[in-house]
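Chains A and B are the protein sequences, given in the same order.
The first sequence begins at 1 in my numbering and counts up by one.
The second sequence begins at 1 in my numbering and counts up by one.
Please note that a few of the clues may not be correct.
Identical copies carry no separate label here, and so any pair may be met within one copy or between two of them.
[Stated by the list, open to error] With a straight-line cut-off of 30 Å between C-alpha atoms, the simulated DSBU-like cross-links for lysine-lysine are:
#1 K336 with K224
#2 K76 with K303
#3 K8 with K189
#4 K224 with K2
#5 K321 with K336
Everything labelled a hint here was simulated from the structure, so no lab data went into it.
Number of protein chains: 2
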Amino acid sequence: MKSAVYTKAGQVGLAEIDRPQIVAADDAIIKIVRTCVCGSDLWSYRNPEMEEGHRNSGHEAIGIVEEVGEQVTTVKPGDFVIAPFTHGCGQCDACRAGFDGSCDNHSGNNWSEGVQAEYIRFHFANWALVKILGQPSDYSEGMLKSLLTLADVMPTGYHAARVANVQKGDKVVVIGDGAVGQCAVIASKMRGASQIVLMSRHEDRQKMALESGATAVVAERGEKGIDKVREVLGGGADAALECVGTEAAVEQALGVLHNGGRMGFVGVPHYNNRSLGSTFAQNILVAGGVASVTTYDKQVLLKAVLDGDINPGRVFTTSYKLEDINQAYKDMDERKSIKSMIVLD
Amino acid sequence: MKSAVYTKAGQVGLAEIDRPQIVAADDAIIKIVRTCVCGSDLWSYRNPEMEEGHRNSGHEAIGIVEEVGEQVTTVKPGDFVIAPFTHGCGQCDACRAGFDGSCDNHSGNNWSEGVQAEYIRFHFANWALVKILGQPSDYSEGMLKSLLTLADVMPTGYHAARVANVQKGDKVVVIGDGAVGQCAVIASKMRGASQIVLMSRHEDRQKMALESGATAVVAERGEKGIDKVREVLGGGADAALECVGTEAAVEQALGVLHNGGRMGFVGVPHYNNRSLGSTFAQNILVAGGVASVTTYDKQVLLKAVLDGDINPGRVFTTSYKLEDINQAYKDMDERKSIKSMIVLD
């Protein structure tokens with residue numbers, strides 16, 4: 001069968017290679033109907049160290065199931081399917097929490113290599129494949145394109161919006177005007193954002209986003225871009241969706257948020273940041289800062305204390321007069337007291 | 001009036017200082033009824049460079065309003081109030097989003113200095129103060145203790161649980177067995193966590209947490225602690241609440257989570273981590289990673305595409321045959337195409 005292969009930096013060719021076979025019981029062989037090039041494929045394409053004959057990094061496709069392993073019961077030969085670039089098990093804590101892209105059981109397999117070819121072997125097929133009713137011929141070319149986005153870019157844009165908890169009425173800023181950024185605009189609209197600003201310098205991409213639901217575009221970058229966004233929104237954004245993967249994009253995203261804002265980032269980190277790299281790999285949400293004392297007291301905590309539902313006062317294991325302040329510090333410092341209270345007359 | 005002052009490292013004394021006066025129209029003078037020592041006060045207490053006579057860092061109190069500035073309409077002299085350590089404006093984007101601890105308008109004022117004293121000047125009093133019905137004499141000593149926790153530690157523990165989105169049925173791990181950690185246990189229970197594991201090596205603190213709703217304690221630390229937590233929970237945690245402020249505690253928190261888990265951190269970062277330090281200051285939520293393609297397709301996106309509600313396929317601005325794969329890459333690389341689709345027969 002034919003498969004795309006890297007020839008050298010900046011060049012991709014076709015090679016005749018063996019058609020893949022079922023290897024594991026949870027495999028499926030899929031005949032590709034539509035596939036595509038991902039922004040991430042360009043990292044390999046541009047790489048001067050790429051060896052000739054290295055198989056393509058394509059990982060997005062829709063196609064027809066040709067053959068299945070003996071454990072596969074959800075699809076059968078002839079079925080029309082989306083082949084996600086991810087391969088969750090559907091059973092672990094991560095998958096059950098809706099994070100099958102970082103499945104606890106199938107680590108390191110978020111890639112279907114070599115999808116720019118006539119056939120692929122899709123591993124962990126039983127849960128991960130998504131069946132589409134009917135056959136490709138039942139759909140318009142436009143619809144096939146949209147179905148193909150469901151293999152990667154549309155769910156990736158949606159992920160940015162979901163982890164940033166974009167919700168009805170939110171002011172959202174999307175960083176990145178590529179396919180994922182465009183899909184993040186669509187996802188923000190789906191989730192009810194009231195204002196969606198795309199940061200973009202390309203007229204065609206600005207136009208596309210405006211047609212998909214963006215309410216404004218900002219061409220400026222850096223501090224100027226941040227100022228412009230704040231001017232457009234009349235303040236900081238509730239959510240920023242980082243769809244690029246550079247440190248500058250992350251800085252831009254953090255810069256447009258008001259305090260207490262939320263950044264969802266799906267650009268694969270191409271920068272040296274240990275924390276973000278590590279939490280990206282685990283798909284972990286990290287949030288924190290100074291407590292909202294007045295808000296929580298008024299909304300929930302004062303009532304809970306007065307009703308006797310909670311008894312946080314037990315943390316004060318010792319009490320002192322103001323004159324004995326030194327002892328109050330000393331006992332806490334020496335862990336004789338969990339927390340020292342001072343009683344004034 | 002009497003006020004606690006630092007004398008030297010490891011020693012706090014009392015000094016006679018001027019009673020504070022109304023300075024701004026949004027000030028209130030409060031006569032302190034109960035105050036306390038915070039874990040963060042110990043950082044100053046232990047500091048060998050602390051100058052003699054430096055005023056105390058106390059910032060938690062309940063008391064009686066003595067006098068108010070002319071703009072203050074929410075409380076009047078004689079009112080019993082909680083004096084939060086935070087001073088939100090109640091009007092900005094951050095405050096309206098429930099992050100008054102990182103108020104956009106009152107930056108750098110999350111501290112009521114010198115509360116270990118007979119009187120304090122409380123700035124930005126009108127919105128930030130929390131009124132308690134009645135007078136201190138109407139409440140038991142135990143209730144006064146609980147009301148005092150509402151100035152800092154209880155809302156801070158609650159903040160960890162809130163930003164980590166602790167919800168019904170969650171498996172939660174609390175890192176830190178001090179007052180804030182104890183309050184994070186209480187907050188997790190309030191929010192419906194099904195399992196709450198406290199990491200603690202001190203028997204009295206373990207006991208207190210178990211009485212407040214913790215379902216298990218783990219004394220081990222590091223990798224051993226992580227293994228033990230996973231054994232107790234039968235897998236990774238949904239949420240980890242970091243209530244210490246050291247890098248080791250953050251590592252512990254990240255380590256106990258399953259992929260897709262959530263870390264809420266309220267320990268003031270005493271480590272050199274630019275990202276976490278920066279997001280803490282802004283109270284920003286950061287989340288991201290590989291998309292949940294199968295989940296989103298099955299739950300929402302496939303239907304939205306088929307119903308014509310969204311049209312993400314428009315990102316494919318060019319189409320090619322497999323034979324023309326090089327052109328497909330080239331056009332994307334040169335930004336002539338937003339995303340290149342490959343059509344197979």
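Contradicted hints - numbers only
Of the numbered hints, 3 and 4 do not hold.
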